[in-house]
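Participant: Protein sequences appear in the order of chains A and B. The numbering of the first sequence is our numbering, which starts it at 1 and goes up by one. The numbering of the second sequence is our numbering, which starts it at 1001 and goes up by one.
To be clear, the hints were calculated from the coordinates, so they are not data collected in a lab. Be aware that one or more of the hints could be misleading.
[As the list claims (entries may be wrong)] Below 25 Å or equal to it, Euclidean Cα-Cα: the simulated PhoX-like pairs (lysine-lysine) are:
| # | chain 1 | residue 1 | chain 2 | residue 2 |
| --- | --- | --- | --- | --- |
| 1 | A | 130 | B | 1320 |
| 2 | A | 155 | B | 1301 |
| 3 | A | 154 | A | 116 |
Listed here are the chains, written in short residue letters.
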Amino acid sequence: MAWFRRDKEGITTPTTEKKETPEGLWYKCPECNTVVTSEDFEANLWVCAECQYHEKVGPEEYFKFLFDGGKYKELDPNLYSADPLEFEDKKKYADRVKDTMEKTKLKDAIKTAHGKLDKKDIVIACMDFKFIGGSMGSVVGEKIARAIEFARKKKYPFIMISKSGGARMMEGAFSLMQMAKTSARLAQLAEAKVPYISILTNPTTGGVTASFAMLGDFNIAEPKALIGFAGPRVVKETIGKDLPEGFQTSEFVLEKGFLDFIVQRNEMKQKLALLLNMLKK
Amino acid sequence: MVTTYLDFEEPIKELVDQINQAKEISEKSDVDMKKTLTELNTKLAKTTKEIYDNLTPWERVQVSRHPERPYTLAYIEAFTGGNFIELFGDRNVKDDKAMVGGFGLMDGESVMFIGQQKGVNTKLRQYRNFGMANPEGYRKALRLMKLAEKFNKPIVTLIDTPGAYPGLEAEERGQGEAIAKNLLEMVQLKVPVICVVIGEGASGGALGIGIGDKVLMMENTWYSVISPESCSSILWRSWDFKVDAAKALKLTAEDMLKNKLIDGVIKEPLGGAHANPEEAFKLVKSEIKKHLKVLKKDSPKKRIDARIKKFAGMGVYNSK
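Please take these sequences and the hints and turn them into a complete structure.
Facilitator: Here it is as structure tokens:
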């Protein structure tokens, strides 16, 4: 005899009578499990009202609340990845790009745009984690470089919102050299005394941290973002010990002296406007 | 004399053993081995050339890591005939033993030499942290570069690293920021900068001293965004595909030149730099001098503009 026996029937609702919960109506916080409606979640800028967990969001979301009236003009919207190395691992890189483009309806892991923030012209570049982990290949590097050039020529402040696992391996050394390319353009931007604000969001690691993300006149971060050069798994393997609590979080990186301040998403626009206003000639 | 042979060098090892035996016989007895030795030596040269002309990318990675391959300080010693003053410390935290540098006199001209240093034996490998610099290594390198700029001396960096050190303290002290800062500053250096990959050119750790007017690679070195082993582990989810990864990454000097990501390839002696270090030193030195001579003719502004243009032009993408 079985140890546990069902006395009553469990689910009695016939499948045909089941009520479907429409997709995307609710958001459940992965940190504290609090459930809110999608409207409330969006109204709170995709931040859990309960525990302040900042959900990963992409360029469209950031542009929507940073640019005045959510209005902006996208720069270089037509660039997409080539396959310079004809790279193939378990899957062909060309196919990976094609599939990801179809699935995400994105061109690559970044969007760059010009618009107004608090009535002043500004250029914002924002990475998208949905596209191959926000990895930086030639397109990401090129679009950032062009956005910086645009900002320098027009003398508009430049804001970079990073969210990336690092360089895109499938473009090999081409990806690596995007670090050099973006840094070269930032050197020119600095020479022209145009402000550059780097916003590090969850996660910012690898070659992105080791280039433009750490080169802001102001390096600021969203709370509790993972920020580092080597990923936590690699560091753990290197030292052969568990990592201390809070290692490589925004708060940790601030304590170590590499961030100017941490900003909640719902205060971001206001802080940026104030800061940029203080830099005015 | 080479004592370590890589797996694909087995035929070379056999011939070297035969040559040694023949020498021994001719020394111990009256048997004339001259003809045999000549034949064997010819065969050795031919076999070595055949093997080295057809190295696969993974085999080149192996040569770049050959334990008897000369490291940075050996090159500097040879370039300067010992007229080298090593300078230590980043003036902030400590001296990083994985990154060395200092002024040297190369045929009467002062040059700032900087590079990652690997250890020559087990004890020294640990002392040098296997050529993996911490943030203070990159900051020391930058300090020395600024010093060279102040006194208007050219900079030569020698790159040989399996990567920037991914340790806990490296993260605490801002490994990412240290490398990023170097990229930004190297772009704007007013003096000529020549970078030579003499062994391993692994990712940001290599690029952190790798922004130059001329970036050169020795024939049997590699330079990429990640090591073949780590690439295999991440993309294939197994350590077993390093050979495939090495091929896929197009990390050899030849591929890098073809992709216009470097400015030149420096020939190595037959059988690799480790087979004849003195010859390797000469070949690298003459390339450095050749480029320096040309670069010095340009104004700082022209060099910086060209440097920015070169790196800004790297990348391949579609537009529609």
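Participant: Hint by hint, say whether it matches the structure.
Facilitator: Against the structure, the hints:
no., hint, verdict
1, A:130 - B:1320, "holds (21 Å)"
2, A:155 - B:1301, "holds (22 Å)"
3, A:154 - A:116, "holds (13 Å)"
Hint compliance for this structure: every hint is met.
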